[in-house]
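Enquirer: Sequence:
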Amino acid sequence: MVVRKQTAAARNRGKALIAAAMGWQDTPDLTMSPGNVVAKPLEHVIAANDANKFIAYNNIPPDISKVKTKSNSKGVLMMNPQVADEASWIVHTIPGFPKALRGYVFPPEEIQKGHLFICLTIKESEIDAIAMALRIATPLIYHNDIPDTEINSRPNLKKLVNGESRLTPPLTVTRQISTAAAPGLKVTIYSKGEKSKYEIYRRVLVKKLKTGIKVWTTRDKILKSDCRILNRNIKLVTSPITVGDHASSLESDVSQWLISDPGNKFCAVDKPYHKSQTKEPAIAVCIDDATIFGHFNLIGQNFIFLNLATCRDFLPAEFFHFLPAPLLYSGSRAL
1 MVVRKQTAAA RNRGKALIAA AMGWQDTPDL TMSPGNVVAK PLEHVIAAND
51 ANKFIAYNNI PPDISKVKTK SNSKGVLMMN PQVADEASWI VHTIPGFPKA
101 LRGYVFPPEE IQKGHLFICL TIKESEIDAI AMALRIATPL IYHNDIPDTE
151 INSRPNLKKL VNGESRLTPP LTVTRQISTA AAPGLKVTIY SKGEKSKYEI
201 YRRVLVKKLK TGIKVWTTRD KILKSDCRIL NRNIKLVTSP ITVGDHASSL
251 ESDVSQWLIS DPGNKFCAVD KPYHKSQTKE PAIAVCIDDA TIFGHFNLIG
301 QNFIFLNLAT CRDFLPAEFF HFLPAPLLYS GSRAL
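Everything in the sequence shown is counted per this note's numbering, starting at 1 for the first residue and increasing by one.
Treat the hints as calculated values from the structure; they're not laboratory data. Note that the structure is predicted; figures quoted are calculated from it, not measured.
Here are the in silico distance ranges between beta carbons for each label pair:
1. P108 <-> T242: 22 to 28 Å
2. K66 <-> A182: 44 to 50 Å
3. S153 <-> A182: 24 to 30 Å
4. P147 <-> A181: 21 to 27 Å
5. E43 <-> I222: 40 to 46 Å
6. P170 <-> R219: 25 to 31 Å
7. K68 <-> E164: 15 to 21 Å
8. R102 <-> R219: 31 to 37 Å
Cross-link-like lysine to any residue pairs, in silico, SDA-like; alpha carbons within 20 Å at most:
9. K53 <-> I141
10. K195 <-> S276
11. K123 <-> D148
12. K275 <-> T69
13. K123 <-> E86
14. K66 <-> E109
15. K210 <-> G263
16. K207 <-> P272
17. K99 <-> H143
18. K70 <-> S165
19. K159 <-> K195
20. K279 <-> D220
21. K53 <-> E150
22. K53 <-> Q82
23. K53 <-> P147
24. K123 <-> I151
25. K186 <-> K210
26. K207 <-> T174
The beta-carbon is built from N, C-alpha and C at its ideal position, and this holds for glycine as well.
Given only the sequences and the hints, what does the whole structure look like? Please build it.
Expert: Take a look at the structure:
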């Protein structure tokens with residue numbers, strides 16, 4: 001099962017993209033368990049089950065204060081240690097969540113914000129590739145109950161749980177996995193270490209995807225939209241956005257995601273579009289799927305160029321005939 005869920009700010013309900021479903025689906029109340037699309041994939045994380053063991057990581061772990069980490073990654077990697085080949089990987093943006101083996105509690109203060117929650121059902125053979133990418137991103141692991149026999153048979157998982165982060169070259173890693181159900185979604189994981197000094201959007205994702213990108217994230221006053229390289233533009237999606245019939249804005253949304261431009265790729269990124277992330281680890285999970293891309297492309301159809309003084313050298317002169325003063329363009333016109 002693959003779930004895409006964007007909570008709408010200031011609501012107890014969200015929107016979900018579920019495999020084989022048509023479009024955004026309304027979710028049950030996200031604060032209630034067990035009937036919602038967030039609680040269900042976590043049912044054996046919030047309560048013990050012999051057929052499910054997992055690691056949980058979060059830069060703001062539940063009920064632990066003043067933890068120092070440069071990571072911003074949040075997720076759960078789980079597997080069945082018994083005979084069945086069952087595993088899943090959850091990537092999300094919710095701080096202090098989930099509380100491992102202590103019941104389902106969606107943080108009340110987070111229900112007012114927009115979040116992203118992705119659940120990928122995988123085979124156990126994919127676990128070590130995920131662990132390798134996570135090692136580079138150095139997440140803060142706050143729970144691990146995977147048996148030693150399973151950990152020791154996977155060298156990268158062993159190094160991940162033992163805190164053996166990769167600080168020597170290569171400082172960036174690309175790993176490919178696929179979801180379990182045939183034919184399977186193609187998923188590519190890009191991660192970079194803090195020593196790389198790379199800006200993950202420009203130096204990693206644009207380069208690896210070989211396309212432009214449209215980005216939904218908060219942004220600082222340093223990094224801007226960028227059109228210096230032909231067909232490698234970085235366009236910032238304008239706020240507010242609409243997910244189905246739910247509205248969200250940058251002021252109340254903490255998710256970071258992008259779509260290729262052009263292409264069929266959707267990526268969840270754990271760092272915002274800020275200059276500070278050049279000195280921090282980061283990871284992006286990119287899914288190559290036309291349906292998922294199409295839904296997020298509708299959300300991101302309005303974008304903005306803020307750096308047109310630079311773009312003037314790269315855009316046709318007639319483009320500027322449509323610009324109001326000051327030099328600012330917001331819209332969905334393809335460049």
